[in-house]
Every structure is written in C-alpha cells, then in structure tokens.
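Q: Spelled out, the chains give:
6 protein chains.
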Amino acid sequence: MSFSNSIQETVAAALAEDLGPGDVTCEYFVVAEQSGHGRIVARQSGVAAGVEVAAEAFCQVDPALRVEVLLPSGSPVRAGDAVLTMTGRVRSILTAERVALNFLQRLSGVATLTRRFVEAAVGARILDTRKTTPGLRVLEKAAVRAGGGSNHRFGLFDMVLVKDNHLAATDDLGFLRAAIARLRAERPNVRVELEADTLEQVRGFLTLAGVDVILLDNMSPETMREAVALGAGRVRFEASGGVNLQTVGAIAATGVDFISVGALTHSAPALDFSLDLDRTAP
Amino acid sequence: MSFSNSIQETVAAALAEDLGPGDVTCEYFVVAEQSGHGRIVARQSGVAAGVEVAAEAFCQVDPALRVEVLLPSGSPVRAGDAVLTMTGRVRSILTAERVALNFLQRLSGVATLTRRFVEAAVGARILDTRKTTPGLRVLEKAAVRAGGGSNHRFGLFDMVLVKDNHLAATDDLGFLRAAIARLRAERPNVRVELEADTLEQVRGFLTLAGVDVILLDNMSPETMREAVALGAGRVRFEASGGVNLQTVGAIAATGVDFISVGALTHSAPALDFSLDLDRTAP
Amino acid sequence: MSFSNSIQETVAAALAEDLGPGDVTCEYFVVAEQSGHGRIVARQSGVAAGVEVAAEAFCQVDPALRVEVLLPSGSPVRAGDAVLTMTGRVRSILTAERVALNFLQRLSGVATLTRRFVEAAVGARILDTRKTTPGLRVLEKAAVRAGGGSNHRFGLFDMVLVKDNHLAATDDLGFLRAAIARLRAERPNVRVELEADTLEQVRGFLTLAGVDVILLDNMSPETMREAVALGAGRVRFEASGGVNLQTVGAIAATGVDFISVGALTHSAPALDFSLDLDRTAP
Amino acid sequence: MSFSNSIQETVAAALAEDLGPGDVTCEYFVVAEQSGHGRIVARQSGVAAGVEVAAEAFCQVDPALRVEVLLPSGSPVRAGDAVLTMTGRVRSILTAERVALNFLQRLSGVATLTRRFVEAAVGARILDTRKTTPGLRVLEKAAVRAGGGSNHRFGLFDMVLVKDNHLAATDDLGFLRAAIARLRAERPNVRVELEADTLEQVRGFLTLAGVDVILLDNMSPETMREAVALGAGRVRFEASGGVNLQTVGAIAATGVDFISVGALTHSAPALDFSLDLDRTAP
Amino acid sequence: MSFSNSIQETVAAALAEDLGPGDVTCEYFVVAEQSGHGRIVARQSGVAAGVEVAAEAFCQVDPALRVEVLLPSGSPVRAGDAVLTMTGRVRSILTAERVALNFLQRLSGVATLTRRFVEAAVGARILDTRKTTPGLRVLEKAAVRAGGGSNHRFGLFDMVLVKDNHLAATDDLGFLRAAIARLRAERPNVRVELEADTLEQVRGFLTLAGVDVILLDNMSPETMREAVALGAGRVRFEASGGVNLQTVGAIAATGVDFISVGALTHSAPALDFSLDLDRTAP
Amino acid sequence: MSFSNSIQETVAAALAEDLGPGDVTCEYFVVAEQSGHGRIVARQSGVAAGVEVAAEAFCQVDPALRVEVLLPSGSPVRAGDAVLTMTGRVRSILTAERVALNFLQRLSGVATLTRRFVEAAVGARILDTRKTTPGLRVLEKAAVRAGGGSNHRFGLFDMVLVKDNHLAATDDLGFLRAAIARLRAERPNVRVELEADTLEQVRGFLTLAGVDVILLDNMSPETMREAVALGAGRVRFEASGGVNLQTVGAIAATGVDFISVGALTHSAPALDFSLDLDRTAP
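Chains as they are written, first to last, in the working numbering: chain A, 1 to 282; chain B, 1 to 282; chain C, 1 to 282; chain D, 1 to 282; chain E, 1 to 282; chain F, 1 to 282.
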C-alpha cells in the first residue's frame, strides 16, 4: 500500500544515510554468528508512535529477524515499558538500532505533545499544521492522530487556505467571490478556508458562498467568541496563533471548532527510548 | 557538488511532499502575473542556519526568482532581522514559503541550542550524535557547526564506536585487541572509540594500542576527572549521558575533550521565522 | 513547482523510454550542424491540451532550442492550426518529435472528448474519474479542465467515496454513522461521498450527518429525478453509469449536480497532430 | 528479470499515484480484519492483456493476498468471463482494484483492437508504432503481441527509420549511401528502413545496399502494388497511412509484408472489466 | 537527449559516490574565493575517449566553470597533449578532478586497446561484447567506436544470439527453425545470430531461413576459412575465442566479417591522464 | 543492511542495463519450463571476489533459483574450481549469466592483482586509491580487502588528503597550521594526510600538530628511507608513484607503512570465469 510503501522508502533512505558503505563497528567488533534478543524500552512516560516504523527498520536490515510489536502506535507508555522486541543476529539488531530509535523517539514525542494539548482543549479539536519535518509529513500526521489530534490538510494540493499574503487587498470580496466560484466549478470537492485577522473580515467572509472554514488568526478569546457568534453555525472556525498549553483551554472555551498548533510537529521534544540486548548462548 | 546536490535533492523531495499535484490556493486565488518582494524575518533571537537551504527552495519553485541571502548560516540573529529576500512572481514566493520556513526554523533551532551549549561548556568541545532527524543528518550536522559545535561521526561507516551492546563480555580485552589489530590492518584510517561505564574499563582500554577516544558514559564529574587523569594525554575523552545546560559546565571542567549532546538534534525547539510580502505595482 | 516538476519527470521518463542508448537514425542520417524550424500542426479540429508538455519534451532534449507555444492548452484548434513552434538543431527537433506528439495527441484527445460532453450536459458539471492512464493522472485531469470539465478526487487520499464493495451490508446505517463520525474527528477537511444504487439507500444516506455527495449509480433518469427531489438541496448528487453523448443531456436534465464519465480518460481517441519541418540555409 | 522488473516499477508508480498518503475510504469504512474473495470479470468480449500486470498490483498492495490468473494475456474473453481472482483482506483488494483495472482495461483494449486488424489483414503482418502511451510502451507492445500483432522497433535506439524530415533532400542517394555504409561499419546489427512517398523514391532506394525495409507512406493500393513488384523480393515493404479496419484488407492484398497502425496504441477504447467481491464469514 | 541524459546520470552517481557528505579537504584547505585554470593532460599515447564525460563532471560540480574540450573523443593523443581545460573556482576543479579522470582514463584505455586491434585486423571489423563494466556499457561502447571498432548488440533485448547453452540439443534444427519463424512473425526487425562450434553445425545453420550471422566459436583459422566458404555470402560470420593481438591478424585473413574481443572492455589498462592547475592572481 | 543494499541496487542497475525490455533470445529459444543446474567455474588461478554479488544477480532475476556459494570472496581459486552453483529454470540462469560473470571477473581481477602486490611488499600494507570504476567503489574496495590489501579513504568525505594542487604555496606552513586547527575543532575525528614531494616539505610537515600521515609522492627509495627516519615514529608514511610489481618490494623495504597502488582498481585484467550448464530431465 502506498502509505506503507512510503514508510518503506523513508526507512530505506534513513538506513542508507546512516550505514553508507557499511557498519564498520559491527563488521570488526561483533562476531558474525552471534544471536540475541533485544527490547526497545521507553525511558519516559508518554504516547508511543512510530512503533511500526521502527519495526520496519529492523526488518529491512535483516529480513530474518523476528520482530514483534508489543505496544502499537497510539498506546500510552510508562518508563520501563517495552514497545518492540526483536530476535536474531546481534549484528543486524545493532546496525538498525539507531535508525529505529530516531523514528520512534521523534514520532512518540509528537504524539505525546499532541495528547497534552488534546487533554487541555476540551470542546475543540486539536489540528496539526504544515510545519512538519521535511520528508516526514505523513508519519508525523499519523503521530498526531496517534496522540488524539486531527489532521489539517496534507499539503498545498488537498485544500484551499487563503491567507492575507495571497490577496492583494484582503477586503476585496468581489475577487474572492469570483475565485471561489471558479474553484467550485473546476474542483468541486476541494474545501475552502479563509484566514481572518479582524471581525470585519469575518463579517465579509460570511457573505460568501462556498466557504467551509474561517481561520481566526491571532485573535483574543473575546474576539474569537464574537466571531463564533457571527458565524451562527454556517461555517466552522479554526483558531491559530499564540496557542500553548496555558492558553489552549481558554481558546477552546470560545466555541471554535478547531485549534491548530504548529508546535506539535516543529518543537516536540523527543521521547526517550533505548535498546536492551541479551545475547543467547551460541 | 555532492553536498549541495544533497541539499538539492532534499529540498526537491520536501517540495514534492508539500505540493503534490499542485498548489490549488495559488492557482485560484493569486493572479498569475502579480509580482512582489518578500523578506524572511526572524521573530526570535538565536543563530541562523539553513538559510541557503531555504533559498534553494525558492529557486527550485521558480528559477526566475531573484533570491538574496542577507545573513548566512552561522550568523546571530535578533527578532526582526531579515535573513533572506526574494523578488518575483507572488505565486512562486507563496508556493515555496512553507518548505523554506520548515527547513529554516528547524536548522536554526539546532544552531541556536548548540550555541547555548557551546557557551556553557568552556574548555571542552560540544559534539553532536547520530540522534538526528531521518533524512536531514548532513543538514543538521552543518547546523551544529553553524552554532559553534563539532561533528561526531556522520554514520556507521566513518568511525568505530564500540558500545557495551557490541561486546559479549565488556572486559574481554583480548578480543578487543585482536579486533582493533584487524581493523588497523584493513582500514588504517578509521578512528576507534570505546565506550566505558567504569574506571575499571578505562584502565583496561588504556592498555590497548590503537584507541583514539574513550567515551565516558553516564559517569559523575568526579569519576570523569579520575579517568582523564588516568589517560595522561594518551587518548582523548568524550563525555555523554545526563548532559544539559545546567550540568554541561561542570562536565567541561573535568578536563574531558568532548561532550556529546543528543538533544542538539533530537529536541531543539524551532526558531520562529515568518515571511513578509509586499506586492509591487503591476 | 511540484506540478511542473511532475511534468518534468514524466517527460524525462518518456524520453528515456524512447531514446534508450541513443537516436541512431539522427546520429547517422542527420548532419550534426543542420538547423531548422518546426511547427506542430493539428490535423483535426478539437481542443488542444498538453501543449506545454510537448514544449517541455523539446526543451529537455536540447535546452538550446527556442520553443514557442502559439495556442496554449484549452484553446480550440482547427485542422491546420499550429500550436507550437521550435527553432534550432534539426537533430534535436526530430529526436523529441514523437514523445512530444504522443503527449499532445493523447491529452488533446481527452480535452476534445470532454468538451463534447460539457456541451451536451447543460446544467450539470462533467467530472472525470480515477479511470486514467497509469502515470498520467495529473496531466489527464488538467486536460479535462482544459476541455471545460471538473476534477473528481485525484486519488484514494483526498476524498472518501464509499462504494457497495466497501460495506459488508449496504443498509447498515449505524456502521456508516459511526465511521463518518470518526473520520470527521480525525480528518475534518476530507469530503465524504456515498454510492447509492436505490432510492431506499438515498433515503437512508440523507439521515446521516456529514455526507457531502451522494453518487447515483446506474439509475434511470426518472429515479435520479426522484433522488434529487429527496435531497432537497441538503447534499449534492453525482450521476454515473451508462453515460454517453446520447444520454448525457437527459441525465443533466434530472437536476444532478455532477455527471462522471470514465470514457473521458480511458477511451478518448487521439487528436491527430504532425510536425512540419523547414531547414534553414546552413 | 528486467521485463518483469519494469512491470514492477510501473505498477509501483501507478499505486503511488493513486494512493498518495493512503486510502482514506478503506481506513475508515472497511473493517481491518474482514476477508473476502474477489473476481475480475470481463464485461465485453475481446482479447485479454495485462492480466499479469493487474495481478502484480494486488500483490504489491498486499503480499499476503492469494492471486490467481485464470485467463492469461492473449486469451479471448467473453462478457462474464473471470480473468483473475484474489483472496485475502478486503481492504487490500479494494485499495488495489482501480489500478489493476486501469492497466487491464487499457491493455486489453489494445489487444482487442489489434486482433480485429490482424483478422482483417490476411497475408500481411500488423505492426505497432511508437505512438504509444508515455511510460507504457513495453506493456502496450506486449499487448499488441497478445492480440496477434508484431512489434516494430521499441524506440529510437534499436532500428533506423529514415523519414523525409531526416533528409535535407530526399533524392540525395549519395548521402544515403554513405550514411548507410558508415552505420553498417559501426553498428552492423541494426536494421535500416527508409520511408518512400513516391515510386520514384522506391526505385532510388532499391539501388542502395544495406536497406532492409522500405516504408510506403500514404500510397494508394495500386501504387503499393507497383512498389512491391519493383522490389522483386530484395527488400521488405511496410505500408502506413490511412489504415483502418475498412482499408486494411485491400492494403494487405497489395503484397506488402507489414502494415503499421498507430491507432492500435493511441486510440484503442478500453475493454470493460469490473471487480466482483464476496466477503467471507469472519 | 537520452544518450547524454545517460551520461548526466552516470556522472551524477559517480560524483555522489565520491563526495558523499562533502569534500572535507577543499572545505578546510582551499580558500573559497581562489580561482584558477586547469588542464587535463595525457601522460601516455593512445586514443582519447570519454572527454565529454569528464567535462560533464566539472560542469555538474560547478555550472560556473568554463570548460573547453580541446581533443574530442576519438582523437589520437600523445603524452603531454591537453584534452580538456577548465577555468573557475579552484575548489570546484579539485572536487571534480578524480571523477573526471576516472572516466577519462578508463574510456581512453578502451579506445586505445580497440585501436590496436583494429589496426591488426585488416579486412575484418572488430566488435565489442557484453563483457562490459556494470553501469558503463553505453559509455564503453562509445569508446569502442571512438577507437574505430564496431558495436555488437547493446543487451539481451536488441538482437538474438543463440549459444549452445540455450539449446537442449544443439543439432535440433527443427526446433530452431520453428523458433526463428515465430520470432520473425512477432519481432520481424530483430537480427538472429547462432553460435557454431563445428563445421557440422555451420552446415546445419545454413539450411535455416532467417539467420543473419553465424558465430564461429573457438575454431582454428583453417576451420573458419572452410566455414566462410560454406557460407558463400549468404550469411555473415563472426569469430570469437582465443583472440589477441598476436592472433587477430590471422583470424581476419580467414575472411570472417567480424571478430569480437571481450578484452576491449574487460581488461583494457587505463590510459594515464593528470590535472595541471595554475592559480590566477586573486 | 546498507552495504548489501548497495549491492542490491548496483546489481539491479546492471540487470536493467543488460535486459532492457527483455531477453529476446530466452523468450524465443529456451523452453519456458526447462530446468537445469549451472556452475560458475574459474578458468584461471587467482583470488575470488564478488562471488556474493554474482549470486545476487541470479537471485534478482529469479527468486526461485537455488543459489549456493561454494568459494566465498577471498578464497584462492585454481582453474576448474567452481565458485557458485545455481539450480532452477534454465531461462533465468541464462538471463542472469552475463551480468553475474561481469561482476565476478572484474572483482576477482582486482583481488588477484592485489594479492600479488601484497605478497611482493613484505613489511608494508598495500592500499587502494580513489582511482576506481565509477559506481563500483564499495565493491572494488571489498575486493581489495579480499585480496589482502587495505582500504584508503572511501571518498572525499571521510579523510583529508592535501595535495600540492590544494595549496597556493606548498611551503606555507602557517596556513596549513591554521586550517588543521580549524578542522580539528569542527571535525575532530577526521584523519589528516599531507602530500610531500621533497624532504624539505617532510621536515616542515613534521612541525605541525595533528598530522596523521605523510604521503611521499614519487620519491626514490633512498629519499623515502630518509623521510621515514625523520619521522621517528611520530607519523605514518605512505608511498605512491612509480609502484609496480618490480619496484614494490624495494619501496616496502624503506620502512614506509603503506604503499598505495592505483593499478589495483584501474588496470587489473579480468579473471576468467564461465558457466557450465546441465539440463535436468523434464
């Protein structure tokens, strides 16, 4: 499947980046025939994500490894929990270790931070953004879902989001009306979102047919509340700007449908995991 | 050049990920002929990195854009400083914006965090690790240098680092001696580093010929100091484990040569940048 | 831009397929220094599409060719009209000729057939399907727009379309309601379309929240008309099955919003074009 | 093998095009564990081709599917005949369905049209041309063979075909003689074909050594007959231009060896196939 | 053009192989702004080949270099002759140097050895084989032509060569006759060559229609002469096996049309070239 | 693993190069169901290398072949020794044959020549260079190790080697000292080698801290001996230039640590192997 294909190719590229012309440490310092059993263990509490990606790394390095996922992506983990085990050649386990952990720690970091926002934003959905790591967007958006969040558009291709920079004059409703009509004719299934910085703009956008969502950018909770009231259920509202774990609850209480948080993917600290390895008798 | 090739391919992949079958917002909501001038401006203080990568994103989307780097990677920036400007079709500027910012904010985050560690670790060099973002290692290691740090090995291929997991019995000096000798014969130019968890191990490793660096893992500053004294200048020492901005100064004071910090690349928060756009008269 | 990137890669692959280890005819039978001027001329009436793709083929074979688009994609053409001219080395023009024409004749065939359906379907929009040529979907969907048609989803990723094969029991409204709710939570911006084979199903689907479009598959015009009346403007309707140039007018008259036509891309005959070449004095 | 490798890569690209970041319908609307049995059934009579390619699509999406080819490429099919069956996860079957059908309907369309020309052209071989779908040439040429036709050259690299556009002056036999001699010396195993528009040209070409085939372009049957008589068995003749199912019989009767038909690959309508799916008890 | 495309990709891969994450010597030991002028000079006499490939390496590393070919492929060179010059950044020249020389020395080695065989084989053409360097076949076959030799088939796809291993029983003329007939019908433009180890086989093959060439494998010159006489001009003959610079003249004198020599590409010693570099005043 | 990944991709590219759109000889002249058993046999004495690469070629063409390595890379072979056997479809064995042999004959040639140099250079290690075949460097360096030699750097990225062309004035020790210091700070684990043409330079280089190896280029044995004495064990010495099987013993006797030999990879003649094939009863 394309989605798991994408995982396969992303993992293959990460392994090529790390191994280059070969793992010189394993070649000289690990006996070729030695077998063992490894466990990847969380060293912090959080939400696991990318477990299947980490498993793929071990499988690609050595298809003969037996790899078992104990806690699939989306599972809460506590320090000490094993999420993944593998059995087979020690060389293969050690060669894949770092790449597997690099995916796991980053994606679990994203899921863990998402979960914290979700818990703090009662009544509204937490959305990711396009502020993702280049090359890892599909994986990071899956990690956001693993953490209980929702996915905004996947790229520039699957939804319209008109920001102030897109419009020569942001109050030109005639231009917007014509552009939306043309879009509706040629791409009837693409949703349309418009960014508003003021209530004035919100009022204007509400006169347009074919708008699905209005983005309230950097507004105070009071202003957002007014905007939501103006909408009267005809469109959905997304809040962005100045969102953090302290403010997100108050923003959710304004009645917006969605709150988008760039930090989910651009500033989540890694969740710590490590590999425990036991050698089996030869 | 391969290095900039690598930039080119990484940027091309990031653009393909974001644009997919096309930027539907620009196609319908930005007039094709409109020209403008954009500036990428820092919104926080720190160290810029990835500026040339961001420039490449604009150039790939539209080779006709005039792109100018104002503050090259490695420059300190303050909130409000412009690092990059571009002039040309508004559509092209907006289509490339997010990918350019995604590289810039992440790599500048790495450089900024590195700079803070470097300033706190007087007398020792700050090293990165292999705990990098899959697919971005070369760029992240360049960002570490931009922040004043040093590069550890680039992958499993360009240096030996023997950790406890590599050895069936970590005190088997005979095995180590033989393996190092074989490596020295076949790969004479590859450096060798051994991980030690105890002073006992350090003493053993110091009896081996051909060891370049000993990694002191998770030792107290006192123990590190003793290890350094045992070494008596014959090998270099790297400290790792439990390193943060609070502890790094004391670790540096033990006399180790290097301190490696995984957080530089796995947990650096993004440095905030945004695009200011002015339209020129048609 | 990704869209034109995609053109570049598709054209490069087509050239590699045709040229393999080299154009042996030009190498031995065309004098290397000879220059000339070529015109690609329509030999049938229709709608041009893929003109820019054909231009790209000439540019890739020889960046020194001067290539000019006379009639951009979307233009009506009559037999004898030139759509594209190129000036430069005769060898380069002849080496690129066939690949350029292969794109042009196929995509113009799609646009031309689309235009005929659009003209016959007054009051409804003509949609394409996913029954496209493997590898050419983005180009064929652009050709559909060039012919005045509209684009349905680009793939399995950008819209939900639930067909009878997807559901264990097509009348299980409870399952559908739960699945749509889960989708709405995790992917709020993805549109949902359900396929109905009977009016009974249409009635059921109209009780579900979150349905954007109902697909009326293989229904008679009378049944479609009833379905549209049931909808009462709450959802949009798409007709499919048994659509041809004879029936499309009657289907449009039922009041459906969209009519999807697989033949636009899977069975459009090529529109004939050829290359006229004049050699310039040496 | 390269040929089936090529199939693998072409199928993988087609799946990536369709699935993008994932099949959102199956993810939310098909229960993950559900198994089933599918049959791809012809809905029109014709000649099957691309059956193995369709099978490959199912296998790539899910290697655990059991896929069986019932009627291999080249088999005549009637409406209702099953050509391919697959058993396993319903999600996998539905995700692969469209890509498999897209290959099958197009390639079977090519084989079916070829068969009709072959049956109408008694005494001459039907040849394909380079007017193929970009990216699918090897598959379409296999479909032509499946329909009983013959393959002309695969590209610009494996045979010389000199058309009027290649020659500055088409009656310059001295230039042709020298070029053929040079080709014969350097590439002795490459066949040479020359395009003739008049009997005058045919007479000239017959004076040249090293010509394997003469292409009679857009000649009347009477003129072709004269040309064949002039050849007296020393070269072979190919007819092209104005060939359709009405004219091909008369052209074959002129005694030409080959008749090339661009429509086989550029204008064959798709042959209709569909998927029947039965769910197995859980 | 595909041929030069192929050069571009082959050169790009070679540069990536050599540069990896970057040229660390130039980065630290060559001043960034320094300009210079380089000349690639032959240090042995022979025939130049791959000069344009070497030029491409310099251009890819730095499009701003001015690169000039002084002696194109096919030119005889003497020790001291410059074949290529380049002017621009010293860093770029030195980074590309080795890759450029690696192509040049190998391909010129092939051309030089070919020339020696050609000069020794009066009356017969020297052919290459498929015993080429993996990945470099198109370039090595061009080098053979540069040395005055002829190209045998480019791969398994563009000509039939039936060796003893292909046939269950090498004297089964009936099987061969049927197979050739089937091939002639489906692939009329593919040439057919049969390998013969004895005169008996030659006699049998001469009874078959549709054979273009007979390969005389490991026969004595006397036997070859007899075979050629048997052929009486109806087919062409190729000699292979036991061919070296001492024996090739006698083999040519037997009247065979072609002599194929694997050593041209599998055992040609490199022709020595080096780079002379002058720095320009800053 | 990346190393064997690299083998996989290199083999796949070589197969694609040879097979193109398919093996036409096997398709028409080998019965599809025929099975057989093949052995690859050395026809000359030497050292085997690339045996596993050859095995990979057979496996890629047909995963159903049973392939067994009898003599792994590094084994001495005598004429008549079988290194590899394969059992299965005859078509698959013959389609893979040439590509497998091309790798095997070239890499075994490298290993065999290396072995001869190693035996002649008592007391010094034989090093390879970067004068390798474009695209095959990792495989050729493995062949050098198989022959008993040592690997110099793998590319421009994993070690510094400063040659005369890198320095504006070769006697500028101040510049060198500063550059080495900067490198040591930023890339502490990269080794540094400097090329010396005179004893004067050697003396200067010995005053610099941080130099690992001095390359003695084109010096007489007497001069080398003096240089080694000057070094007094503080650095290692590599000899290059004018090294052949006649001179290498005397060079080794000077006390240098390493002798690098470009001819190992750029001029090793192929070691001859061939395939013996037995058909099994049907």
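Be aware that a few hints might be false.
Identical copies look the same in the list; a pair holds intra-copy or inter-copy alike.
As the list claims (entries may be wrong) - Straight-line Cα separation of at most 20 Å, DMTMM-like style, residue types lysine to aspartate or glutamate; simulated pairs:
{"#": "1", "residue 1": "Lys163", "residue 2": "Glu200"}
{"#": "2", "residue 1": "Lys163", "residue 2": "Glu119"}
{"#": "3", "residue 1": "Lys163", "residue 2": "Glu52"}
{"#": "4", "residue 1": "Lys163", "residue 2": "Glu9"}
{"#": "5", "residue 1": "Lys163", "residue 2": "Glu68"}
{"#": "6", "residue 1": "Lys163", "residue 2": "Asp272"}
{"#": "7", "residue 1": "Lys163", "residue 2": "Asp276"}
{"#": "8", "residue 1": "Lys163", "residue 2": "Asp81"}
{"#": "9", "residue 1": "Lys163", "residue 2": "Asp278"}
{"#": "10", "residue 1": "Lys163", "residue 2": "Asp217"}
{"#": "11", "residue 1": "Lys163", "residue 2": "Asp212"}
{"#": "12", "residue 1": "Lys163", "residue 2": "Glu33"}
Hint data in this document are derived by calculation from the structure and do not stem from the laboratory.
Q: Does each hint fit the structure? Answer for all of them.
A: For each hint, the structure was consulted:
no. : hint              : in the structure
1   : Lys163 <-> Glu200 : within (15 Å within a copy, 43 Å between copies)
2   : Lys163 <-> Glu119 : neither (29 Å within a copy, 36 Å between copies)
3   : Lys163 <-> Glu52  : neither (36 Å within a copy, 26 Å between copies)
4   : Lys163 <-> Glu9   : neither (33 Å within a copy, 29 Å between copies)
5   : Lys163 <-> Glu68  : neither (45 Å within a copy, 24 Å between copies)
6   : Lys163 <-> Asp272 : between (37 Å within a copy, 18 Å between copies)
7   : Lys163 <-> Asp276 : between (49 Å within a copy, 12 Å between copies)
8   : Lys163 <-> Asp81  : neither (44 Å within a copy, 23 Å between copies)
9   : Lys163 <-> Asp278 : between (55 Å within a copy, 14 Å between copies)
10  : Lys163 <-> Asp217 : within (10 Å within a copy, 38 Å between copies)
11  : Lys163 <-> Asp212 : within (14 Å within a copy, 25 Å between copies)
12  : Lys163 <-> Glu33  : between (59 Å within a copy, 18 Å between copies)
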